[in-house]
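Undergrad: So the protein sequences, as listed, match chains A and B. Letter by letter, the first sequence follows residues 1 to 281 in the working numbering. Letter by letter, the second sequence follows residues 1 to 283 in the working numbering.
The reader is advised that the hints may include incorrect statements.
What the hints assert, rightly or not - Subject to a maximum C-alpha distance of 20 angstroms in a straight line, what follows is the list of computed EDC-like cross-link-like pairs (lysine to aspartate or glutamate):
1. A:Lys72 with B:Asp6
2. A:Lys142 with A:Asp171
3. A:Lys216 with A:Glu32
4. A:Lys214 with A:Glu100
5. A:Lys20 with B:Asp6
6. A:Lys142 with B:Glu148
7. B:Lys258 with B:Glu282
To be verified - Simulated restraints on C-beta separations:
8. B:Val195 with A:Asp134: 33 to 41 angstroms
9. A:Asp134 with B:Gly160: 53 to 61 angstroms
10. B:Phe228 with A:Arg66: 34 to 42 angstroms
11. A:Asn115 with B:Arg281: 45 to 53 angstroms
12. A:Ser141 with B:Gly160: 50 to 58 angstroms
Note that these hints are calculated values from the structure, not bench results. Values in this document were obtained by computation on a predicted structure and should not be read as measured data. Glycine residues also receive a C-beta, built at the ideal position from the N, C-alpha and C atoms.
Now for the letters of each chain:
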Amino acid sequence: MSVAISIQGVSKDFRIPGSKRRLRAVDNLNLEIDQASIFGLLGPNGSGKSTTIKMALGLIRPSEGRCEILGKSSLEPSARMGIGYLPEAPYFQRFLTGRELLRYFGKLSGLPNSNLQDRVDMLLAKVGLDDAGDRRVGGYSKGMLQRIGLAQAMIGDPEILILDEPTAGVDPIGAADIASIIRELRDEGRTVLLCSHLLSQVETICDRAAIMVKGKLALEGSVDSLTSTSEWSSICIDGLTTEGREKLEALAEEAGFEISTPRRSLEELFLELSKRGGDRK
Amino acid sequence: MSKKSDRLPWSPGRMLVIASNTFREAVRMKLFLAMTGLAICALASSFLFREFNFGSSELKFITDFGFGGMTVFGSALAIIVTAQLFLGEIEHRTAMTLLAKPVYRSEFVLGKFMGVWITVACFIGMLTLCLVLALWMRESSIRLEYPEEFERGQGLVQYGGIVWFSLAQVFRIGILCSLVILFSTYATSSLFAMVMGVLVWIVGQLQHIATEVGQAVESLALKAVYGFAGFVLPNFHLFDVGEGLAMGEALPISVVGKLLIYGVLYSIFYLAVATVSFNRREL
Numbered sequence: 001m002s003v004a005i006s007i008q009g010v011s012k013d014f015r016i017p018g019s020k021r022r023l024r025a026v027d028n029l030n031l032e033i034d035q036a037s038i039f040g041l042l043g044p045n046g047s048g049k050s051t052t053i054k055m056a057l058g059l060i061r062p063s064e065g066r067c068e069i070l071g072k073s074s075l076e077p078s079a080r081m082g083i084g085y086l087p088e089a090p091y092f093q094r095f096l097t098g099r100e101l102l103r104y105f106g107k108l109s110g111l112p113n114s115n116l117q118d119r120v121d122m123l124l125a126k127v128g129l130d131d132a133g134d135r136r137v138g139g140y141s142k143g144m145l146q147r148i149g150l151a152q153a154m155i156g157d158p159e160i161l162i163l164d165e166p167t168a169g170v171d172p173i174g175a176a177d178i179a180s181i182i183r184e185l186r187d188e189g190r191t192v193l194l195c196s197h198l199l200s201q202v203e204t205i206c207d208r209a210a211i212m213v214k215g216k217l218a219l220e221g222s223v224d225s226l227t228s229t230s231e232w233s234s235i236c237i238d239g240l241t242t243e244g245r246e247k248l249e250a251l252a253e254e255a256g257f258e259i260s261t262p263r264r265s266l267e268e269l270f271l272e273l274s275k276r277g278g279d280r281k
Numbered sequence: 001m002s003k004k005s006d007r008l009p010w011s012p013g014r015m016l017v018i019a020s021n022t023f024r025e026a027v028r029m030k031l032f033l034a035m036t037g038l039a040i041c042a043l044a045s046s047f048l049f050r051e052f053n054f055g056s057s058e059l060k061f062i063t064d065f066g067f068g069g070m071t072v073f074g075s076a077l078a079i080i081v082t083a084q085l086f087l088g089e090i091e092h093r094t095a096m097t098l099l100a101k102p103v104y105r106s107e108f109v110l111g112k113f114m115g116v117w118i119t120v121a122c123f124i125g126m127l128t129l130c131l132v133l134a135l136w137m138r139e140s141s142i143r144l145e146y147p148e149e150f151e152r153g154q155g156l157v158q159y160g161g162i163v164w165f166s167l168a169q170v171f172r173i174g175i176l177c178s179l180v181i182l183f184s185t186y187a188t189s190s191l192f193a194m195v196m197g198v199l200v201w202i203v204g205q206l207q208h209i210a211t212e213v214g215q216a217v218e219s220l221a222l223k224a225v226y227g228f229a230g231f232v233l234p235n236f237h238l239f240d241v242g243e244g245l246a247m248g249e250a251l252p253i254s255v256v257g258k259l260l261i262y263g264v265l266y267s268i269f270y271l272a273v274a275t276v277s278f279n280r281r282e283l
């Protein structure tokens with residue numbers, strides 16, 4: 001599988017105003033995100049996720065290392081031909097209607113006028129805003145802003161989508177719709193980099209995930225491998241009845257074993273790592 | 001899925017998309033409508049105050065009023081709208097979404113400039129139309145009162161000159177817009193960019209004095225400082241060429257041409273520096 005986003009030895013230092021000291025927001029980060037996958041980037045506030053995303057988008061320059069998008073330096077505008085981005089708590093030009101906003105970003109993404117109208121209509125319908133397309137964005141609710149933000153991220157038909165908290169402020173039904181759109185995007189062969197604090201959502205839709213703590217990569221792997229625990233083994237039994245389970249539990253107890261669910265949630269893992277400052281042991 | 005070329009060509013089309021969006025935002029701002037209304041009211045009020053023309057001719061009084069409104073309100077509009085529309089994109093983080101698209105920062109800077117400049121040009125265009133209309137109305141009534149003054153068929157007002165003067169003001173304000181954009185590329189608040197814009201406008205109005213002082217001083221170091229300031233800062237006083245237009249004096253086209261070249265060169269210079277500065281800015 002080829003790599004969509006490659007982050008190699010990237011560090012980012014920020015100058016602290018009024019001081020000669022520098023703050024290291026990201027420290028020697030190495031990440032490779034495969035094409036046609038959903039990758040979750042997790043971390044507590046201030047862990048360097050947003051800085052990493054900004055470097056991947058070429059909005060800020062890494063102090064060290066290199067970010068590549070589909071093999072091109074992220075600092076090259078041509079690399080952004082293949083990216084769609086939904087920022088956290090998106091704020092768009094309030095004076096535009098939803099339709100005008102999509103047309104604007106569509107033109108900037110290089111869509112020809114002939115395709116633009118159809119694509120705008122299709123995306124408005126996809127994110128459930130076909131009735132609100134002619135209303136000004138300034139009057140949109142938080143959830144509607146997320147939806148129009150997702151549509152603008154998809155307008156240029158990008159191969160990679162970077163979504164920062166795409167379901168923040170969206171009701172549960174809307175969040176499920178967005179999750180289903182994200183899965184659809186992956187199934188179409190696109191790559192999605194997802195930043196979210198909704199760990200249960202990341203756990204259910206992501207193929208791989210990474211947890212950043214204090215600017216460093218604390219853990220990275222497939223969601224299955226991250227949530228399984230080495231001390232536990234699982235046996236899958238088809239058609240197990242309550243009676244059968246009781247018998248098994250009795251047998252296991254007799255032999256000194258414990259029967260339980262052999263998984264921990266991503267949330268447990270996240271909290272554990274965050275408390276330890278990224279230390280896995 | 002989208003096809004990619006190795007290097008994205010610089011696109012005037014994308015710049016124009018940003019410019020047209022900036023223009024749309026500017027004209028939908030209440031400030032634009034308020035300033036336009038205020039300027040037209042100020043011009044209309046010159047009819048009320050024409051009795052107080054302080055000895056100068058009535059038509060000249062109206063012309064001066066119109067030119068004053070054009071310069072003052074046009075400059076104020078340029079400073080406020082440029083700072084708000086450029087820094088507003090950064091403060092509201094809409095620039096992040098925009099620059100995450102395949103857009104060069106230079107396209108963003110030039111697009112913003114074009115959008116604001118076209119807005120101010122429209123504002124000046126509207127004021128020019130109002131001024132010409134006001135002068136024509138007054139001149140027509142004078143023509144009826146004193147037909148002997150117009151026996152040779154010549155009008156009192158040089159309407160062509162007024163249009164040329166207005167065009168020169170568009171370029172004067174273009175310099176101001178490019179300067180405010182330059183300040184906005186590194187400012188962290190709109191207020192700072194606006195204050196710097198006002199300061200530069202004042203300095204630009206007085207720049208010719210610094211040049212004269214520079215020629216008079218003997219110290220080579222001071223001469224160099226004044227010379228550098230005279231080169232880096234624009235001389236807005238050069239654009240005050242409308243003095244005799246209401247008295248029948250023509251505005252030579254060569255003067256207007258020189259002013260347009262002056263305006264274009266200074267605007268290009270400031271926008272080039274602004275692009276370099278904005279390329280270094282981290283969003």
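Undergrad: Indicate, hint by hint, whether the structure satisfies it.
TA: To see whether the hints hold, each was checked on the structure:
1. A:Lys72 with B:Asp6: Cα-Cα ~9 angstroms, so holds.
2. A:Lys142 with A:Asp171: Judged against 20 angstroms, a Cα distance of about 10 angstroms means the pair holds.
3. A:Lys216 with A:Glu32: Holds, because 15 angstroms separates the two Cα atoms, which is no more than 20 angstroms.
4. A:Lys214 with A:Glu100: violated, 40 angstroms
5. A:Lys20 with B:Asp6: violated, 39 angstroms
6. A:Lys142 with B:Glu148: violated, 71 angstroms
7. B:Lys258 with B:Glu282: violated, 38 angstroms
8. B:Val195 with A:Asp134: 33 to 41 angstroms: For B:Val195 and A:Asp134 the Cβ distance comes to about 39 angstroms; the hint holds.
9. A:Asp134 with B:Gly160: 53 to 61 angstroms: violated, 45 angstroms
10. B:Phe228 with A:Arg66: 34 to 42 angstroms: holds, 40 angstroms
11. A:Asn115 with B:Arg281: 45 to 53 angstroms: violated, 33 angstroms
12. A:Ser141 with B:Gly160: 50 to 58 angstroms: holds, 55 angstroms
Consistency note: the structure conflicts with the earlier hints numbered 4, 5, 6, 7, 9 and 11.
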